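*Asks:* Given the structure of chain B, go ahead and fit chain V with the ligands onto it with the hints provided.
So the chains spell out like this:
Number of protein chains: 2
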Amino acid sequence: MGSPEATSFSSQKLLFRQLFEKDSSTYTYLLADVSHPDRPALLIDPVDKTVDRDLSLIQELRLNLLYAMNTHVHADHVTGTGLIKSKVPSVKSVISKASGSKADLLIESGDKILFGNLFLEVRATPGHTMGCVTYVTGDGADQPQPRMAFTGDTLLIRGCGRTDFQGGSSQQLYKSVHSQIFTLPKETLVYPAHDYKGFTVSTVGEESLYNPRLTKNEETFKGIMKNLNLAYPKMIDVAVPANMVCGLQDTDIN
Amino acid sequence: MGSPEATSFSSQKLLFRQLFEKDSSTYTYLLADVSHPDRPALLIDPVDKTVDRDLSLIQELRLNLLYAMNTHVHADHVTGTGLIKSKVPSVKSVISKASGSKADLLIESGDKILFGNLFLEVRATPGHTMGCVTYVTGDGADQPQPRMAFTGDTLLIRGCGRTDFQGGSSQQLYKSVHSQIFTLPKETLVYPAHDYKGFTVSTVGEESLYNPRLTKNEETFKGIMKNLNLAYPKMIDVAVPANMVCGLQDTDIN
Ligand SMILES: [Fe+2]
Ligand SMILES: [Fe+2]
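Taken in order, these protein sequences are the chains called B and V. 167 is the number that numbering that gives the first Met the number 0 gives to position 168 of the first sequence; each next residue is one higher, with no gaps. 125 is the number that numbering that gives the first Met the number 0 gives to position 126 of the second sequence; each next residue is one higher, with no gaps.
Honestly, the hints are just simulated from the structure, not real lab data. Small disclaimer: the values here were computed from a predicted structure and weren't measured. Some hints here could point you the wrong way.
The list makes no distinction among identical chains, and a pair is therefore deemed to hold if it is satisfied within one copy or across any two copies.
Stated by the list, open to error - Only pairs whose alpha carbons sit at most 25 Å apart, straight line, appear in this in silico DMTMM-like list of lysine to aspartate or glutamate:
1) Lys12 / Asp138
2) Lys111 / Asp75
3) Lys221 / Asp103
4) Lys96 / Glu120
For reference, chain B alone in the conformation it holds in the complex (with noise of 0.2 Å):
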């Protein structure tokens, strides 16, 4: 049997994809490092409608699951890393210690996820939650080149996350986008976690120069997210207190 690659960007050893879950919009990521034996791969911000294609992708591929992370306690649908760890055992649930979430790794600022010779660098990046996450693909010319950055819901492409629940700060996200993304290369991809007008991916230049909301100065910022006057997250009651033990179904840690 043939060996189903498919390497990109200019990294000869990143395997990567994105998948898309319509109801919610969001934007889950399968990496993995294929130039190892292993094979192993994480995913990032999985759902759980979405796990049956994601794990059986993840087996067509040969593809050795590590992780399964999340960038934040998601509002707005259920994670899917319960139902990845109840079906594939030796898989580990990761979130930030920041989030006060239960997982299998607490991860903080400045860690680095290891998956073979790549690895994922994290960032603290609160201001939507106060658990938020940036993680981003190792610095060095055997890492993948451009850079990606996974951002979650704190910078979304011509947009960001709301900031007025889970500990939300709308001066703390615009510090969050300009220290720790802003200032990665212009050309590192940005990776968000939803998308709702179908882009799939931006740039740090792009979103510099065209964010409507980033691009205004501090107070300008704050303006516009007090007065988005957004409706409750019809998800918010269930999809929280899941995502605060990484899934309904993740019951085997507490």
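*Replies:* For chain V with the ligands alone, coordinates are given in the frame of chain B:
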């Protein structure tokens, strides 16, 4: 003002964006040669509803749109080609001669579509409709690696287009995929016109191993296609006549 660059894959030249239209689950693709001073660009399978999004992105990225191309006469949505031409009159519409449609450029198997120092090669892949083509990025060290195949509805991710309308033929589709697509290098990226499960890309290697239809022998494949019992496409009576002239608004070519 800075340059919002995004190079992807191993090419330092290609700017590539995949764009999604939710109602018809259609993918539109933007390709541009950003190493060329003119920054020439093309769109594959634009949708009428998302023309404003696409043109505004093209403007922000400072691209010069040359071509609005279709892989075939779509039955499920109205092409954006006509609307694009009405807004940017210099753009040329492109479709296959075999489609029987009107357009500025009627292309045939073997034709090359140049944009800067990059090009797409045309492969005739009839079967879903009689005029379907697959656009494949050029072969050569100065072209994107791995190659990218824009397969329209000929080959979908783990599926294929229906063959019971518009001069469709399951026998032809089978032959098209096996002779024109599965013969490409197995790492070739497969970018279809639609996906209904949230997949964004596959590879020739992956589809030739795991496509549940096209991995069967020809007789079994024809049986599968004969017994799909699909509903009459909702939009076909509006979309096909419009798309035969590259979009309802495309009144300047006749
Ligand atoms: Fe969120
Ligand atoms: Fe079609």
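*Asks:* Each hint needs a verdict: does it hold in this structure or not?
*Replies:* Evaluation of the provided hints:
When the C-alpha separation of Lys12 and Asp138 is checked against a cutoff of 25 Å, the pair qualifies both within a copy, at 14 Å, and between copies, at 22 Å. Taking identical chains as interchangeable, the C-alpha atoms of Lys111 and Asp75 are never at most 25 Å apart, the minima being 27 Å within one chain and 46 Å between chains. Proximity of Lys221 and Asp103 under a CA criterion of 25 Å is satisfied in neither setting, with 35 Å inside one chain copy and 49 Å between copies. Proximity of Lys96 to Glu120 under the C-alpha cut-off of 25 Å is restricted to the intra-copy arrangement: shortest distance 15 Å within a copy versus 51 Å between copies.
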